[in-house]
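According to this note's numbering, the stretch in the sequence shown is residues 18 to 835, in order.
Keep in mind the hints are simulated off the structure, nothing from the lab. Bear in mind the structure is a predicted one, so any value in this text is a computation, not a measurement. Warning: the hint list may mix true and false statements.
[What the hints assert, rightly or not] DSS-like mimics (lysine-lysine), calculated; alpha carbons at most 25 Å apart, straight line: (1) K714 - K780; (2) K139 - K44; (3) K691 - K729; (4) K190 - K139; (5) K714 - K611.
[What the hints assert, rightly or not] Quick list of simulated restraints, FRET-style, between CB atoms: (6) L347 - Q412: 20 to 28 Å; (7) Q412 - K283: 17 to 25 Å; (8) S125 - E186: 51 to 59 Å; (9) P157 - E186: 15 to 23 Å; (10) Q500 - D542: 30 to 38 Å; (11) D572 - D631: 41 to 49 Å.
Glycine included, every Cβ here is placed at the ideal spot set by N, Cα and C.
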Amino acid sequence: MLLWGASTPLIGEPAFFNNLHIFNEHKSQTLDPQRILVYTDETNSLDIDDIRNMAPEDFLESSFITRFNKEGTYWLYYQVQNRSNERLSHLLRGGSNPFETYYILIDSVMTEQRTGYKFAAKSRSIPQGYTTKVLLDIPPQKTAHVYVKVQSADNMPIDLRASLEPYLEWTRKKESINLFEGMFSGLLLVIMLISCFLFGYTKQNVFIYFAFYALFNFIYFLQVYGIIEIWFHPETPDPLPILWVLPILSAAAYFMFAKEFLELRKTHPQWNNTLIWVSRTASLAFILVCVYFWITRDIHNSVEIMIYAMIVLAVFGIVFLIAINRKSTLIIRYFTLGTFLMLLGVLISAISRATGISNDVPVYVQAGLIVELIAFSLGISHKLKRDYENHEITQRSLILQLKNNERLQLNINQELTELVAARTQVIKKQNKALEIAREEAERATKAKSEFLSVMSHEIRTPLNAIISLSHIMEMDNEDAEMQEYIDALKFSAEGLHSLINDVLDYNKIEANKLVLESIEFSIIDLLRNIRDSFKYKARSQGIDLLVEIGEHMPDRVIGDPTRLTQIFNNLIGNAIKFTHEGHVHIKASLEGLKDDVATVNFEVNDTGIGIPKDKLKTIFEEYEQAGNETTRQYGGTGLGLSITQKLLRLMQSEIRIESAEEEGTQLSFSVSFKINQAFDMVNLQDQTRDKDLKQKKVLVVDDNDMNRLVLKRLLVNWNAQFEEASDGQIAVEKCKQNEYDMVLMDIEMKPLSGFAAAELIRKIEIKNSTTPLIAMSGYLTSEFEEEFSNSPFLTLVQKPFEPNELYRKILKHIVNKS
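Construct all of the structure, not just a fragment, from the sequences and the given hints.
This is how it looks when you write it as structure tokens:
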């Protein structure tokens, strides 16, 4: 409070007789808005002396103002006259404004008093509490000229109300409220401590939710009465404004407590799930309101949201009480008795605040909360007593059961001993029988393998003679009718030969005795040989057999050519068998290169009869064909595709199939082969070169020898000058000495990574400051997306790469220098 001698009263000051409020005694009274004059300071620049110099016509009655500018300053002026013969001390209350500064002039003495929650408690005339209030003390037969400077903040609406309350009456009420608040807080504190202790002892969630419920109410009401501010932050205005929306979190704890206290999981499972959902929704609403406040600093709307949320939650709570009381128990009656009055009080209080009737939290809400907590405590005591009694009954039942068990144990042990002995003899006999059966099964398996081996040899010997003689007969034969017999003989002999091979291979695969070879061979030669072996059969069917080999295929790879040939024999044989017109197309293309591994994609496409959709999933099973008619018309055992699938799985691959009836079938699979350092790329380009880099100078930086070798083969084929560096530091040194048209760089190198080397090349080396840089990596882009976006690299080539894609990216970014 500030005191100073006022300047000589202005001539105009007494003329404001229409704003006079007369008092003859101590009494509570709301001042008439028509007798409160207001001046609007849109510039926020006037002070008390400027206001006192105003003429009467500059002011308006407060009741005439219907719209307020929250950014402006409002000056109120009214007079309060004491016509009694005693000093009248009143508490002068203002509106719910963040800032109110009172200038009170009595007998040329001006006092300044501050109030409002945006002033720190230490600087307010009456520190405790957030409502605006100051002391108005008027001597007998004197008039107080009251000037009020009102300002808004936090999006709060301007409130120009004023009222008087006897100061002694307010003081007594305040002492009673503080005493009540002390008892209330003490009760909550005791409940919190006991609940935490019981939770630690019993591990029942009902106690921790009860403790949280009490805690949130404890903190909220300390905030309401301004105690937190005075105790902890008297020099900070409204230090913890977010505590004003804490009732939402209290409601979340309340519903979780109700769920556990009433044991709804057993009695009302649907309400149990509903309360969980409501509690989580309330918690989420509290978080969202907190986020909204921290972004906007709008405490007014934050509190408004809290008020309407509490109305909804209170209505829901009352509906919940009515619903569960249809099946009332003692625990439900405890709960209803304790919580109904509290919910009703919360609902009335929230509606009052929402409609502007009152901004205070009524004491009856706290009284209802006390009754609720006491009822809850009694209910919890009843639950603990019931649990203890149930536990004691259970213990006694267990003791009796144990005694009975001990008596039965002696008889059972004897019976068990005899039973175990008898069972042991039976198990021994069974084990012996199983051992004999296992030995017989092994002998049978061995006999089957020997039988198949002997039979294959015995059948192959005359079969080879038949096939050879049929070829000799074909060479010497000139009779057309005899040629038909020879063709039938050859077809039957070859079919039988294929059947024997399939059965033997299937037997090896099933016995896990088939081991893949690892030798060097040429895929191109292998496909050409296969084409030559099937061309006569295809020609006899009247169809074309086409072989297509993609660009950049390694000339030599390491793998199992025998089994790869067997796979193609099965697939091409089937394709030719089921194709009557059109063609069978075999394709091989390089799918990707990475380190010393080349992945090749193979395709066998035909224009044959196709496979029904319902047979696509079973066509690779043993002894399966597209249908019985197919078996009768075309023959075969159905083992070929099954063996093909199993061979591909041994090669870590899987066959893919697409087919449509009467349109044809497309079969494809990918196989990875090792390549050695002596390999070369097959160049299928013609003399005009559709891929020509015109002797551009390219530096390849990679710490993997095979990667550099692969890129060397490709770039030489593309007519580029090739240079290499085995790490980032060597690349930087080369860039100091030479100028390049393109740099291809692996980013996972040590000790200098590709990113670091690229930065050095771009910043330090003048010769290559504009040379395009392309990154290469075997990792996903998402693993280093931010680092890549900030690097000098123009684009990324993913390993394993497809050569055509690499060429396109090089061609797009390479510098065309004269």
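Tested hints:
1. K714 - K780: Cα-Cα ~21 Å, so holds.
2. K139 - K44: Since the Cα atoms of K139 and K44 sit roughly 29 Å apart, the hinted pair is violated (cutoff 25 Å).
3. K691 - K729: OK: K691 and K729 at ~18 Å, within 25 Å.
4. K190 - K139: holds (22 Å)
5. K714 - K611: holds (23 Å)
6. L347 - Q412: 20 to 28 Å: holds (23 Å)
7. Q412 - K283: 17 to 25 Å: holds (22 Å)
8. S125 - E186: 51 to 59 Å: violated (30 Å)
9. P157 - E186: 15 to 23 Å: holds (20 Å)
10. Q500 - D542: 30 to 38 Å: holds (32 Å)
11. D572 - D631: 41 to 49 Å: holds (43 Å)
Hint compliance for this structure: hints 2 and 8 are broken, all remaining hints hold.
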